[in-house]
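Visitor: Listed below are the residues making up each chain.
Number of protein chains: 6
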Amino acid sequence: MVQTFFIEEPLTYDGQQLTSLWAFRHLRLQGDSIVAFRGACHVRQEALVDLADHLDGAFIYSPDMLHFLAEHFESDLEKGVLRQRLLVTLAKEILEEILGIAVKRRGDDLFVAQKKLSVSIATVTPVSVMIHFGLNVKTEGVPVPAVGLGELGLSEGAVRDFATRLLAAYAAEMKEVWLARCKVRGVP
Amino acid sequence: MVQTFFIEEPLTYDGQQLTSLWAFRHLRLQGDSIVAFRGACHVRQEALVDLADHLDGAFIYSPDMLHFLAEHFESDLEKGVLRQRLLVTLAKEILEEILGIAVKRRGDDLFVAQKKLSVSIATVTPVSVMIHFGLNVKTEGVPVPAVGLGELGLSEGAVRDFATRLLAAYAAEMKEVWLARCKVRGVP
Amino acid sequence: MVQTFFIEEPLTYDGQQLTSLWAFRHLRLQGDSIVAFRGACHVRQEALVDLADHLDGAFIYSPDMLHFLAEHFESDLEKGVLRQRLLVTLAKEILEEILGIAVKRRGDDLFVAQKKLSVSIATVTPVSVMIHFGLNVKTEGVPVPAVGLGELGLSEGAVRDFATRLLAAYAAEMKEVWLARCKVRGVP
Amino acid sequence: MVQTFFIEEPLTYDGQQLTSLWAFRHLRLQGDSIVAFRGACHVRQEALVDLADHLDGAFIYSPDMLHFLAEHFESDLEKGVLRQRLLVTLAKEILEEILGIAVKRRGDDLFVAQKKLSVSIATVTPVSVMIHFGLNVKTEGVPVPAVGLGELGLSEGAVRDFATRLLAAYAAEMKEVWLARCKVRGVP
Amino acid sequence: MVQTFFIEEPLTYDGQQLTSLWAFRHLRLQGDSIVAFRGACHVRQEALVDLADHLDGAFIYSPDMLHFLAEHFESDLEKGVLRQRLLVTLAKEILEEILGIAVKRRGDDLFVAQKKLSVSIATVTPVSVMIHFGLNVKTEGVPVPAVGLGELGLSEGAVRDFATRLLAAYAAEMKEVWLARCKVRGVP
Amino acid sequence: MVQTFFIEEPLTYDGQQLTSLWAFRHLRLQGDSIVAFRGACHVRQEALVDLADHLDGAFIYSPDMLHFLAEHFESDLEKGVLRQRLLVTLAKEILEEILGIAVKRRGDDLFVAQKKLSVSIATVTPVSVMIHFGLNVKTEGVPVPAVGLGELGLSEGAVRDFATRLLAAYAAEMKEVWLARCKVRGVP
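Residue numbers (my numbering), protein chains in the order written: chain A, 1 to 188; chain B, 1 to 188; chain C, 1 to 188; chain D, 1 to 188; chain E, 1 to 188; chain F, 1 to 188.
Note that these hints are calculated values from the structure, not bench results.
A quick note: this is a predicted structure, and the numbers were derived from the prediction, not measured.
Wrong hints could be hidden among the right ones.
Any copy, or any two copies together, can satisfy a pair, since identical chains are not distinguished.
Quick list of in silico lysine-lysine cross-link-like pairs, DSS-like style, CA-CA up to 25 angstroms [as the list claims (entries may be wrong)]:
hint, residue 1, residue 2
1, K116, K175
2, K138, K116
3, K92, K175
4, K104, K92
5, K138, K104
6, K138, K92
7, K116, K92
8, K104, K116
9, K138, K115
10, K92, K115
Please model the entire structure based on the sequences and the hints provided.
Guide: Shown next as structure tokens:
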């Protein structure tokens with residue numbers, strides 16, 4: 001059971017949120033969860049957990065993003081990456097339906113017309129696996145060619161509706177994945 | 001490294017292929033693999049590993065399908081289901097690009113205009129996790145409202161091209177998932 | 001989330017129930033579960049999964065037992081044995097409260113005044129770990145010095161109430177164990 | 001094989017002992033172990049690993065406790081919590097026998113007549129899972145309604161005897177749990 | 001703790017011994033173990049668990065072998081293969097010391113002067129991982145160029161001494177491997 | 001697939017290299033790897049991850065060593081120790097062939113004529129298991145009776161050849177271990 005929550009207050013994502021039990025400490029959500037919030041994104045180079053980015057001297061910035069932060073209390077990081085890909089896939093599927101345009105997924109990134117819509121990372125804590133997934137709403141100052149949900153025509157309310165829908169879709173998909181595992185017999 | 005192979009000879013899928021080391025025994029592929037082949041699909045009730053279907057007295061039939069059979073030498077069935085969902089997602093993404101129409105994914109099923117395009121199952125063997133994913137090419141006699149790749153306009157050659165492309169896409173996605181797991185540091 | 005269910009119809013336990021997905025196949029409970037039922041117990045030597053008993057030429061018999069059958073969709077058998085011990089402990093704690101007498105636990109067995117009240121086993125299936133725990137209600141023909149819930153003064157209704165209470169207690173304990181794992185940070 | 005040791009010298013528990021390889025570094029016990037010692041308990045808020053307590057601004061204090069510190073070289077925290085519950089259960093069973101009064105277990109806490117007798121936590125280190133379990137001997141200054149082994153009538157020697165007995169019982173139970181896992185065949 | 005045992009009575013190895021809990025069922029050894037015995041080796045094609053051999057139509061035969069059968073109650077087959085390689089390595093090291101000649105290891109095989117001295121396989125059961133390792137004593141009828149311990153000059157007593165020494169060395173190495181894992185702290 | 005690399009520039013090993021993703025951060029090797037380099041070894045007491053050494057007040061020093069640093073993206077430390085033993089075994093086998101003298105392995109140490117040739121440790125990071133294995137080339141100032149590859153007659157070029165050969169042998173052995181796990185069926 002993945003619990004879901006949308007935080008109404010804006011919150012800047014600076015990488016510190018990618019710490020175990022963040023949702024428990026701030027929202028008292030105990031167990032697997034995915035939460036969403038709006039706010040700027042500014043992860044300095046030294047806070048990057050993606051060492052490929054870190055080594056390239058990159059940083060992550062967006063003036064306004066829709067953030068998703070998921071935590072699963074298990075320890076297999078590769079499995080966490082698989083969950084992350086499904087989260088990104090669900091975002092793509094929902095956005096295509098809402099916007100009526102093609103959204104391209106490459107690994108854990110979304111693009112619209114070759115412009116980067118999102119950032120994402122999955123990593124491991126001593127007690128869990130965590131995923132951050134952020135979609136640009138606005139793109140001033142983003143260090144790569146980017147596109148945002150706002151420019152794509154989503155109103156503030158529509159961004160929030162999308163968030164709610166993705167939260168529910170992710171929780172439902174994860175539940176269904178678990179149930180799929182609980183209905184098959186083994187084979188030789 | 002997921003190895004890929006397309007079997008040129010037609011082969012009826014009857015559920016027996018969902019057995020450990022099938023690709024090793026028949027193709028000498030040793031290690032993780034995904035293979036594709038064409039042929040009818042006929043899984044009798046007693047051979048179903050999906051007990052939900054089994055209990056419903058269901059059977060699986062299609063006169064002509066494009067089959068994918070994947071094997072990963074690991075033991076976490078839920079992780080296998082996550083891989084399966086990505087395989088189905090990739091099929092959807094590629095088909096949408098080829099056909100220019102919307103393909104709807106619900107869990108591990110694909111639909112076009114509410115008609116069922118595919119069947120899929122993931123299960124566990126004593127030494128591995130396995131996935132079967134079959135897409136209708138023709139649909140005479142399929143026991144549910146169904147659609148096939150042929151009716152959607154794919155020629156024989158196009159079906160084969162699609163197969164080759166999905167094999168490559170799945171292998172690439174799985175490789176990338178692994179690499180994503182090998183570039184992040186842990187967080188507290 | 002461990003689902004619970006009490007089967008009203010009597011059912012003889014002969015060891016066949018210790019098979020993966022029993023609760024799904026018979027009750028459509030999908031996911032972790034514990035179910036209870038009343039009925040005789042007759043496990044012939046060749047059906048014993050406890051090889052220590054099997055080698056001793058033992059069999060398990062009781063004319064009337066209260067049975068519990070739990071399934072957890074995970075693969076660590078030792079962890080299943082730990083869960084089993086807690087199930088037996090909870091039965092002891094509840095019975096002591098109901099009966100006001102001392103119930104002695106030795107491993108996975110319960111005794112009252114040196115007489116055996118219960119049998120239990122935990123084992124592994126290709127997709128799950130399973131526990132059987134049976135408490136004698138009557139003891140005619142039991143091959144060891146035994147005592148039953150009936151002789152201890154529990155009426156038919158009281159046996160059922162005990163069953164309901166133990167089902168709930170086990171589900172609650174397992175939930176709490178999970179939550180306890182979801183509230184601590186790691187240490188160096 | 002869980003090794004056991006009683007440390008004769010008093011030792012204040014301040015949370016630092018909940019660190020991997022404590023028993024190896026201080027007692028040269030290599031491998032799974034449980035050690036006991038007497039001493040005050042003072043865990044400041046910032047040293048709490050239970051974030052539920054931490055968030056409540058709680059601290060843990062007792063002027064005199066009997067402490068148990070267990071370490072298992074494995075990584076499944078939920079399994080560690082299951083072991084912890086059995087440790088607490090064993091303490092309850094032994095105390096009831098020694099004292100002839102009812103000791104109530106709620107999760108990982110023990111109570112006598114609604115007063116709290118113990119504190120406990122299980123967590124994970126990079127190389128192991130650890131359990132702390134402390135039973136009040138005296139209760140002056142304990143921040144919740146509490147009871148101690150001294151007030152319950154245990155002499156200094158009796159506290160030590162209880163410690164020795166619980167150490168042995170825990171090691172025996174863990175051994176038996178392992179052996180139970182090594183005597184069953186799998187089922188379908 | 002790996003228990004060791006040498007079975008004095010001759011016993012033909014036909015592959016049936018590679019079944020979970022063999023040492024428990026026949027010797028009442030409960031837990032990880034390695035046992036040794038002397039006897040012919042005849043594994044028919046259909047009993048081969050090595051599908052590479054099976055597919056080649058191979059069978060395994062030797063008129064007289066020294067057999068080792070190890071069982072570890074864990075589920076990671078690759079880890080079992082690593083243990084197997086160390087068992088084979090220890091055999092090589094001890095034989096070189098006893099015989100004063102070079103013994104060549106290639107994977108899980110031993111050779112003397114290009115002649116095959118041994119056969120070995122590791123596989124998984126529902127409850128454990130198992131290893132068979134057999135060294136030729138005599139070689140009449142062996143289907144590949146082979147050499148035996150007898151031809152290398154080992155007397156009956158020396159074969160038995162070697163067996164005893166390898167049993168002890170394997171148990172010691174496995175214990176030391178475990179202890180090595182119980183003395184290091186984690187790193188970032 | 002274990003990637004291999006020989007770093008031409010000398011590099012002092014001070015324990016900091018035993019950190020996750022070292023090869024990725026310095027060489028952009030992504031995934032399992034083993035790298036070799038030459039240089040002094042100086043691990044101060046406080047940097048020791050082997051707490052047995054640490055507690056003995058030991059430090060590790062050599063003026064010139066051939067170092068191997070392996071990383072596997074998995075989390076079972078005991079499995080890492082098994083891999084380490086095979087790495088040390090391979091070094092022994094290759095050196096014996098090159099030098100024509102007996103090299104003695106005791107656990108993870110190599111000796112020539114009772115003199116210590118090597119040091120080694122395996123430990124765990126948040127995302128991987130790592131192995132350091134260093135062989136003395138020169139021995140001035142080594143705090144225990146020691147021998148070096150130089151004194152054993154290996155020229156600079158021969159040391160490098162040995163390094164290259166061990167890198168390849170380790171990668172090949174690990175690949176073969178994996179393949180051995182991918183060719184067997186399970187047994188009951």
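Visitor: Against each hint, give a clear statement of whether it holds in the structure.
Guide: To see whether the hints hold, each was checked on the structure:
1. K116 / K175: Result: close only across copies, 22 angstroms inter versus 29 angstroms intra.
2. K138 / K116: Only inside one copy: K138 and K116 sit 12 angstroms apart there, 39 angstroms across copies, limit 25 angstroms.
3. K92 / K175: both (19 angstroms within a copy, 21 angstroms between copies)
4. K104 / K92: For K104 and K92, the Cα distance is within 25 angstroms both inside one copy (7 angstroms) and across copies (12 angstroms).
5. K138 / K104: within (19 angstroms within a copy, 29 angstroms between copies)
6. K138 / K92: Classified as within: same-chain Cα gap 18 angstroms, cross-chain 29 angstroms, threshold 25 angstroms.
7. K116 / K92: both (13 angstroms within a copy, 21 angstroms between copies)
8. K104 / K116: both (9 angstroms within a copy, 24 angstroms between copies)
9. K138 / K115: within (13 angstroms within a copy, 38 angstroms between copies)
10. K92 / K115: Answer is both: 14 angstroms inside a copy and 22 angstroms across each meet the 25 angstroms cutoff.
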